[in-house]
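Trainee: Chain by chain, the residues run as shown.
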Amino acid sequence: MNNIAIYDELDQAIDQLLAGQPNELGTSSEAAANDAHAAHSDVRELAELARDLRDLPRANFQSRLRLELEWEAAGRAVTSDVDSRQRAAEVMPSLLGKRWSGYPVRRSNFALSAALHALMVLAIGAGFVAVKNMGPQVDKHVEISYRLAPYVPPLGKDESHGGGSGGAADKLPPSHGAVRAAREQLAPPIALENNAEPKLRVESTVIAPPELNALKTRQPGDPLSMLAKPSNGAGIHGGMGGHDGTGIGTGSGPGIGNGRGGGCCEGTYAIGNGVSMPRAIYTPEPEFSEEARRVKLQGDVTLLATIGADGRPRNLLVVRSLGMGLDERALAAVNTWRFEPARKDGHPVAVQMNIIVNFHLY
Amino acid sequence: MNQERRLIEAAQSDPSRFAELYEGNFHRVYAFVARRVDSRDEAQDITAEVFHQALRNLGRFQWRGVPFAAWLLRIAANALADRWQRAGRAVEVPADEAEMKNEVAHGDAADVERRAMLFQLVDRLPADQRLVIQRRFVEQKSVREIAQELGRSEGAVKQLQFRALETLRSHVRTSHE
Chain F
1 MNNIAIYDEL
11 DQAIDQLLAG
21 QPNELGTSSE
31 AAANDAHAAH
41 SDVRELAELA
51 RDLRDLPRAN
61 FQSRLRLELE
71 WEAAGRAVTS
81 DVDSRQRAAE
91 VMPSLLGKRW
101 SGYPVRRSNF
111 ALSAALHALM
121 VLAIGAGFVA
131 VKNMGPQVDK
141 HVEISYRLAP
151 YVPPLGKDES
161 HGGGSGGAAD
171 KLPPSHGAVR
181 AAREQLAPPI
191 ALENNAEPKL
201 RVESTVIAPP
211 ELNALKTRQP
221 GDPLSMLAKP
231 SNGAGIHGGM
241 GGHDGTGIGT
251 GSGPGIGNGR
261 GGGCCEGTYA
271 IGNGVSMPRA
281 IYTPEPEFSE
291 EARRVKLQGD
301 VTLLATIGAD
311 GRPRNLLVVR
321 SLGMGLDERA
331 LAAVNTWRFE
341 PARKDGHPVA
351 VQMNIIVNFH
361 LY
Chain U
1001 MNQERRLIEA
1011 AQSDPSRFAE
1021 LYEGNFHRVY
1031 AFVARRVDSR
1041 DEAQDITAEV
1051 FHQALRNLGR
1061 FQWRGVPFAA
1071 WLLRIAANAL
1081 ADRWQRAGRA
1091 VEVPADEAEM
1101 KNEVAHGDAA
1111 DVERRAMLFQ
1121 LVDRLPADQR
1131 LVIQRRFVEQ
1141 KSVREIAQEL
1151 GRSEGAVKQL
1161 QFRALETLRS
1171 HVRTSHE
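Sequence order for the protein chains is F and U.
According to the working numbering, the first sequence is numbered sequentially starting from 1.
According to the working numbering, the second sequence is numbered sequentially starting from 1001.
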């Protein structure tokens, strides 16, 4: 029997062993020739060896178990009180050094870990409490105040809201009087009429908001003039003033005031000279924006507002910005404010004024 | 002083030294257990249980001249008995624990030693022969599958298998002599 045949025969015997079948090598080899008999007994002997190899442990089992034992031994080296550990192990096995989840735990490490976790939980809890309590505390460090100031129109004709002038080339400046405001002008106001008996009399007006008619008196003239003697002023084109136009004032055009073109002060009074200051009666505070709070931005936001005769703010404009959302907060808040309106001769009138909202952190 | 006794005392004072006792007795305990259970997994489980238990109770071990292996095999016998008792299994085992311990002490000690040595010798085989033995007997793969895995012919694998067994037989004979 050659080697290949022996290899095959052994392999077949092993196949039978692994399949759980009885090994028949012994019976078949008895009648064979001497060499074949020797080969058979050789194979049978090896097959017997192979029978025991069926129980061979897995390749890594021995090393894995050793690793487990080394872990356990490392855990056990920490403590030697076996009985007390076994008694309490059911309560908290890892704390007392019992193997858990495949690896041992040192008691000191476990206790340290538990303490750190407890500290973390406390820190997180404290954080929640702090955040909850910090909201109002932060608000206590925020002061939002406001003050009201008369609106002073800027100088210069370009920036004026309206204005007018005129005159009849008189030597005197325009005389004191009142204006009749209308949305259109049919005839300019004049103090001295050349034609005392016109065939068709029309009212002389300036182009300005009709609300200004509260100023109406018998004699047309410049309300700011101190001159009592009637005069149309040194201007030209038929109004009252020193310049060009058909209005009244020091500007030009058909309006009133020191500006250009028609209109006046958007139909509002200037505070002072008999016009009282509006008084704020309902002033909910604006909120501090989070962005501004984060960067500790503070300062004033100045708003230009028209406080109507009904006490409501209108035409809010930011004339001095602070940014970081504070302008918007100021606008939103002031828009809800209510005022006791300014008064002129006992009557409520609209005025323009500045509202300065102060955002302060401390 | 006896070498084994020194190892035991060293392990009792320093459990990390237990590894030396483990290495010297692993195959013996495994061979004893594997002979008495049906599956390799069960044999491995019980073997692991025996050594964990031995490590835990090493402090209680008292040297009386009895080999440490006997103590381990007693633990193994008890573990087997407990397992069979829990499973309510009717198996061909000694009727009571005393009988089992007696068998451990006197019965198949030689067989256990022979099988333990055989398992140990597998670890000393040349790498290619050891690989073939592991694939063939542990994973129970066919020669064809092993040949495909190793990229060799079936004849070459059969030859490796034959030589591995021959080498094992040779070592076993040598050790018996």
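Incorrect hints may have been included.
Stretch-level coverage of chain U by chain F, calculated; a stretch enters the list once three of its residues show a Cβ under 8 Å from a Cβ in chain F [unchecked claim]: (1) 1063-1074; (2) 1143-1153.
Here are the simulated EDC-like cross-link-like pairs (lysine to aspartate or glutamate), alpha carbons at most 20 Å apart as the crow flies [as the list claims (entries may be wrong)]: (3) F:K296 to F:D327; (4) F:K296 to F:E340; (5) U:K1141 to F:E143; (6) U:K1141 to F:E68; (7) U:K1141 to U:E1154; (8) F:K171 to F:E143; (9) U:K1141 to U:D1041; (10) U:K1141 to F:D11; (11) F:K344 to F:D310; (12) U:K1141 to F:E48; (13) U:K1141 to F:D8; (14) F:K132 to F:E328; (15) U:K1141 to U:D1128; (16) F:K229 to F:E285; (17) U:K1141 to F:D52; (18) F:K132 to F:E287; (19) F:K296 to F:D310; (20) F:K296 to F:E143.
To be clear, the hints were calculated from the coordinates, so they are not data collected in a lab.
Just so we're clear, the structure is a prediction, and the values are computed from it rather than from any experiment.
For every residue, glycine included, the Cβ atom is placed at its ideal position computed from N, Cα and C.
Trainee: If any of the earlier hints don't hold here, list their numbers in rising order.
Mentor: 1, 2, 4, 5, 6, 8, 14, 16 and 19
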